[in-house]
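K.L.:
Residues per chain, in single letters:
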Amino acid sequence: MDKKVFESDIGESYILATLDNGLKVYICEMPQFTSAYAVFGTKYGSIDTAFSLNGGQPVAVPEGIAHFLEHKLFESEEGDAFSKYAETGAMANAFTSFDRTCYLFSCSDRFEENLDILLSFVQSPYFTEETVKKEQGIIGQEIRMYDDSPSWRVLFNMLGAMYINHPVKIDIAGTVDSIAKINSDLLYECYNTFYNPSNMFVCIAGNVDARAVLKKIEAAVADRGANEITRGGIGEPESVVKNYVEQAFPVLTPIFCFGYKQKIGSPFRRLKSKICVELLLEIICGESSPLYKRLMDEGLINDEFDFEYFTGRDYAAAIFSGESENPARVADEIKKEIANIREHGFDKKLFSAVKCAAYGDALRRFNSVEMTAMQLTECAVCDYDLFEQIKLLKTVSYDDVLKRTDIFDDDLSVLSVIKPQEG
Amino acid sequence: MLENVIDIGNAAQGFFIKSDRFKTTHISYNFYLPVDKEKVASFALLPFILTTCGREYPDFSKLNFKLNKLYSANLFASAEKVGDYQLLKMGISVLDDKYALDGEELVTRAAELLNSLIFDPLAENGEFSKSDLEREKRKAIEHIRSELAEKRLYARKRLIEEMFKGDAFGVPKCGTEEQVAAITPAGLFGAWQEMLSRAYLRVNVISASLPANVFENVKERLSGIERSSAAAVTKSIPLKPIYAAKRVEEKMDVAQGKLVMGFSVLPGDDERDSAKLAVMCDMFGGGPYSRLFTNVREKMSLCYYCSSTVDKRKGFIMVDSGVEAENAQKAEYEILRQLDVMKNGQFGDFEFEASKKSIINALKGYGDHQDTLDNWWTFKCDSDTPVSPEEYAEYVSAVQKDAVVQIAKTVKLNTVYALMPKGAD
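These protein sequence lines are chains A and B, in that order.
In case it helps, my numbering puts the first sequence at residues 7 to 429.
In case it helps, my numbering puts the second sequence at residues 1243 to 1667.
Please note: incorrect hints may appear among the correct ones.
[What the hints assert, rightly or not] Looking from chain B toward chain A, a few residues come up when the C-beta cut is under 8 Å (computed): (1) K1311; (2) S1388; (3) V1496; (4) P1530; (5) Y1546; (6) G1564; (7) D1610; (8) T1614.
Honestly, the hints are just simulated from the structure, not real lab data.
By construction, the Cβ of each residue, glycine as well, lies at the ideal position given by its N, Cα and C atoms.
Take these sequences, add in the hints, and give me the full structure.
P.N.:
Right, here's the structure in full:
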């Protein structure tokens, strides 16, 4: 086992241990809290629809299978994991996103017992044709629930118009048709590929004893021989399907997602580059920015207005979203503001204020064991150091941020609108 | 953790929770007014307009710039119904001074900022600024409309309206679109004056140390205001049982139906009764071990979600489910059957113990979140003997099966609201 301790000047530290079986374990002891939060995850999400294992034949699997597998893992021959947690009182959950699947719990006592349950059920797949069939019904209902959610639809309509091949455009849960193709053999194949300790991580924050926890994990997670996973080449062209997409829905105010697709250089964005883009987005349209004030004064946006730097393996986009009577005007104003900043730069005082705020936000996340554990998860998936962000926020320069206007290309922008139905 | 109650006088109370878990200080001002059907929209707009600008910060960009310089101090605002009261909450959460990079006094400045926004708004000649008001009205109306679009929220809101027809609790917490549209600059100024003169005020502070003069400054601000009609918060009047349940059905262009059922329940007298009610409702439809989850969702696959929540002040339970139209009748029947299981005490030790453990686990973690602690004490305003989450956890631990059955027996169906896809029978 290889063990490193990361220290900071804000009174927090954490351990990163890499076990002999390849599993990465992150532990942040926060003894002042009552509760603790643990995540057992794999670098496997909805975008992993094509892969090969140990140099074997490439395999294509149905869309939505990572999410399906997440649902199924809660079941074992002796009953489901929820009933085991019910005996300890812990709150358990799981989620699948584009590039990861995470199983988690939070508890205020009996941490080690809960950790046993987590480590055990994630390592005990149990699928039969009958249980798979039943789950197809349950997930079908979940998909239909999302079909009725305008905020979900507006995002996926945008991704569908933005990406030509990349599976990030596909709904995380798949479609009723795609999940109908899932069977127990396919589930085992995905499980054996991606649920190998060398592709997984455990992240823990809160009132725990790191030494005891580490010992437990070492004993409980079996070595299954390192897997060499080759993810399918995506071959995403540097263009978009179309620049505008709309759908009518029973809403009263139109909602929108306006995104810029970024050309991809490397599979993951480096942390510094990510921080710079996030600061730049604040400068473009954060609540202190001139553009935000203009849009608000003209009645073009409301408190729902938001933005994010949406990144993962082989994809990155800056996305602005909200409600507006005139989404096209909002998109135009954002384009103009970006052009203006590219040409004239931005207010240095505003830059110093948004940097200060980002520093405050980074520290504030340590107010919560959940947020700390989720940040460690981000570190595990993207290979960051948790305190690196805080250090970088003290040092990034005006020019570092200004340079990042290079990610915006109007030809690669997409506006997605959910408009009210007529009549 | 240590709680201290400080009497500020003038129908105001300070509440300090000392905790060294956090890197921030959390301060909230909570104004309680009896729900008034006619004024609910004006009062609800106040927390939002007051935390957007003020005389010192007339423009929200300047205010946001100031918040950024305070290391992303977070101003928060909300308007809720708490039983028969409307609760207007405004607060700030700010990084503690020791984390400031240049030795700035962050907490004092943030507390001053909050005081200034609440007590010194941007108003002239008895009127709020027209442009600020129009902006906030537009935002409020768009918010009301967007809630209409999220069908799960919409269905829950419609059930409350139907169940509390004739009771002020039935009005939407931020009023209707028409009420918001009718607010005038002078009318809103009147509402602000009324909030300051008539509302009971509770100031909660959660921090490693009590910020200097935080309660004294509130006292000073209140000293010039006539507050003889402000009174402490009292118990709300619970929903009365009725003999024949109401049914309401609407059709819309949706893929999945929503079935929401409202029940009256006897809320009991004190915190111990409240703990019994919490266990009963959680066993019925709280966690994944509950009767509704394990039977209606898991065994019978009738709903994607099916859960229950309880309002202990107004004495009602709401069962909320997402259901395909063809399963709606079966789901309703099964939900009622599971309630009968509760009433007849035909449940096992498993869900009874699981429910208690789950509630206790959650309660013990409340002290790990400033906003959860703030809400806990804010919602305890009507209790004669308010207890901490840890003490409440002991009450939950002491709940017996018989008590759960006795409370379940007081549960009575009041209203069924169904939102179904067009074309479904």
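K.L.:
Now tell me, hint by hint, if it's right for this structure.
P.N.:
Consistency of the hints with the structure:
Here the hint on B/K1311 is kept, as its CB sits about 5 Å from the closest CB of chain A, short of 8 Å. Of the supplied interface hints, the one on B/S1388 holds, with its beta-carbon coming within about 6 Å of a beta-carbon of chain A, less than 8 Å. Interface restraint check for B/V1496: the shortest CB-CB distance to chain A comes to about 5 Å, inside 8 Å, so the restraint holds. Checking B/P1530 against chain A: minimum C-beta separation of about 4 Å stays under 8 Å; hint holds.
Of the supplied interface hints, the one on B/Y1546 holds, with its beta-carbon coming within about 4 Å of a beta-carbon of chain A, less than 8 Å. At its closest, the beta carbon of B/G1564 sits 6 Å from a beta carbon of chain A; the interface hint therefore holds under the 8 Å criterion. Of the supplied interface hints, the one on B/D1610 holds, with its beta-carbon coming within about 5 Å of a beta-carbon of chain A, less than 8 Å. Using the Cβ-Cβ criterion of 8 Å, the hint placing B/T1614 at the interface with chain A is not satisfied: the shortest such distance is roughly 10 Å.
Violated hint for the displayed structure: number 8, the only one.
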